[in-house]
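**Student:** Sequence:
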Amino acid sequence: MASFFDNDSPSNLTEYSVSELSGSIKRTVEQAFDQVRVRGEISGYRGPHSSGHAYFALKDDRARIDAVIWKGTFSRLRFRPEEGMEVIATGKVTTFPGSSKYQIVIDTMEPAGAGALMALLEERKRKLAAEGLFDTNRKRPLPYMPKVIGVVTSPTGAVIRDILHRIADRFPVHVVVWPVRVQGDGSGDEVAAAIRGFNAVAPGGPIARPDVLIVARGGGSLEDLWGFNDEAVVRAAAASEIPLISAVGHETDWTLIDYAADQRAPTPTGAAEMAVPVRADLEAGLSGLSARLKSAVGRQMDNRRQSVRALARALPSLDQLLALPRRRFDEAALGLGRGLTMNTANKRRQFERASAELRADLLKGKLSERRQRLADAMNKADRIVERQLHRGEARVSAADAALRALPSRLIGQIHRASDRVAGLAARSDAAVRADVRRLRSVIVAQDRILQSLSYRNVLQRGFALVRDAEGGPVRQAASVSVGMTLSLEFADGRVSAIAGEGEGEGEPASPPTVPRKKQTKPAEPAGDPPKQGNLF
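In my numbering, the protein residues as written are 1 to 536.
No lab work stands behind these hints: they were computed from the structure. Using N, Cα and C, we set each Cβ at its ideal position, and we do this for glycine too. Among these hints, one or two may not hold up.
Said to hold, decoys possible - Quick list of simulated restraints, FRET-style, between CB atoms:
| no. | residue 1 | residue 2 | range |
| --- | --- | --- | --- |
| 1 | Val278 | Ser43 | 43 to 49 Å |
| 2 | Leu222 | Ser50 | 32 to 38 Å |
| 3 | Arg494 | Trp70 | 42 to 48 Å |
| 4 | Glu223 | Glu20 | 44 to 50 Å |
| 5 | Ser43 | Gly483 | 33 to 39 Å |
| 6 | Trp70 | Gly186 | 57 to 63 Å |
| 7 | Gly84 | Glu501 | 35 to 41 Å |
| 8 | Trp70 | Arg140 | 43 to 49 Å |
| 9 | Arg140 | Ala232 | 30 to 36 Å |
Stated by the list, open to error - Lysine-lysine pairs mimicking DSSO-like chemistry, simulated, CA-CA at most 27 Å apart:
| no. | residue 1 | residue 2 |
| --- | --- | --- |
| 10 | Lys127 | Lys147 |
| 11 | Lys59 | Lys26 |
| 12 | Lys59 | Lys101 |
| 13 | Lys125 | Lys147 |
| 14 | Lys92 | Lys26 |
| 15 | Lys59 | Lys139 |
| 16 | Lys127 | Lys59 |
| 17 | Lys364 | Lys380 |
| 18 | Lys71 | Lys92 |
| 19 | Lys92 | Lys125 |
| 20 | Lys92 | Lys59 |
| 21 | Lys139 | Lys127 |
| 22 | Lys59 | Lys71 |
| 23 | Lys26 | Lys101 |
| 24 | Lys71 | Lys26 |
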């Protein structure tokens, strides 16, 4: 903006607008601090924003600076930031003119030395142990003789060759290799995905489901093995339904997956030895057991044979066994004739006693007695039937009288019911009309509330509603990209628009400010004003 003379001004300095001054400061800071490395402690980290950017601060014991990591840079980080972690960040310093703040836009970030990694490792170990992922009661025994072994490792390293060679020497079985990266960015996610993939294999499918898993990698530094300390890898190992052996690094190297695995092997070769037995030892043991079985069966047969011979010698002869039954039979045969004679005599005496009682006069007396009993029973039945007939006639007469009096009672009941129905109908009509009036007043009140809360009333006050191409409302400036088609809805209609470039990308969140009314500038004097030097 050109300067001007003012009689009331205490000096002749050039006048700048706030936007010009802020822009000049922004350019100066970005040129002076285009590439810097800052060491500090992460503060206020709450994870990535819904837009994918991460906002936090770096601090030490005396100062603090705001920091931001854009979405594309955040996805390329080798590790995830955590609250309280000391890091070394590389980026450029910039300012945000909207709130007169400055911040560092981070391009790369790394932990501040191995000590920070160890502190992060210990903190993550305590967190996962508190969740019970390292409990020994969750660990399962390995199958003694697996048919299929799944190996998660790099397909090009010496580790897979050592494992295959050791398995082939000890007990050749089917091996399925899931190739992954074992070092660098994204290696932890690939290992976790491989463990979950093996567990998702269905039994009996085209790919054999492993009976045991081996996660292996050769030795290396703490940074090289950091992918196996990833929280996703530990959770995948703890949730694996297939028994898992961890063989990461050398015998002195420990990672978090070693605590979550069912077995920990000192080396990848040791993992292969844990997974399968030695076939030659099994064959030798089987031969020894077969020989012992044959010897035991032979000795048992000899012992049983001797026992049978001893029992056979102790058995009595056939004549000795039949002597006593034969004697009893002879004695019974001798007494059979005498017993038949006595039995015949007894039966004859019983017959004579029974025949003596069967005389004609006795039979006639019994017949007369039975006839008298039958006559008495018939007379009694006639009297009972006669009484039942008299009772039935009386009930029929009473029912006939009741039926004759029924029409008059029914007519009275019908008149009383008609009067009651008429009264109830009148009361029902009045209740329905009152209920309709009440509901109409409620609906009217709710309609007033709805109209007062409608966004169209806001549009009547001069505001506009921004919509995207699909018609959805746009709530944040971060979700609008350059060239995006927008629809602006006013109180009297809609207008289409194309989004242009903003003043800054991913600016820190700040409360909305009320725009000030632009001051009216005094008229410039005629002629060229004296030139003033630039403030910067």
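**Student:** Please go over all the hints and tell whether each is borne out by the structure.
**Tutor:** Consistency of the hints with the structure:
| no. | hint | verdict |
| --- | --- | --- |
| 1 | Val278 x Ser43: 43 to 49 Å | 57 Å, violated |
| 2 | Leu222 x Ser50: 32 to 38 Å | 34 Å, holds |
| 3 | Arg494 x Trp70: 42 to 48 Å | 33 Å, violated |
| 4 | Glu223 x Glu20: 44 to 50 Å | 47 Å, holds |
| 5 | Ser43 x Gly483: 33 to 39 Å | 37 Å, holds |
| 6 | Trp70 x Gly186: 57 to 63 Å | 19 Å, violated |
| 7 | Gly84 x Glu501: 35 to 41 Å | 37 Å, holds |
| 8 | Trp70 x Arg140: 43 to 49 Å | 44 Å, holds |
| 9 | Arg140 x Ala232: 30 to 36 Å | 21 Å, violated |
| 10 | Lys127 x Lys147 | 36 Å, violated |
| 11 | Lys59 x Lys26 | 22 Å, holds |
| 12 | Lys59 x Lys101 | 16 Å, holds |
| 13 | Lys125 x Lys147 | 34 Å, violated |
| 14 | Lys92 x Lys26 | 12 Å, holds |
| 15 | Lys59 x Lys139 | 42 Å, violated |
| 16 | Lys127 x Lys59 | 25 Å, holds |
| 17 | Lys364 x Lys380 | 25 Å, holds |
| 18 | Lys71 x Lys92 | 16 Å, holds |
| 19 | Lys92 x Lys125 | 34 Å, violated |
| 20 | Lys92 x Lys59 | 16 Å, holds |
| 21 | Lys139 x Lys127 | 19 Å, holds |
| 22 | Lys59 x Lys71 | 22 Å, holds |
| 23 | Lys26 x Lys101 | 10 Å, holds |
| 24 | Lys71 x Lys26 | 22 Å, holds |
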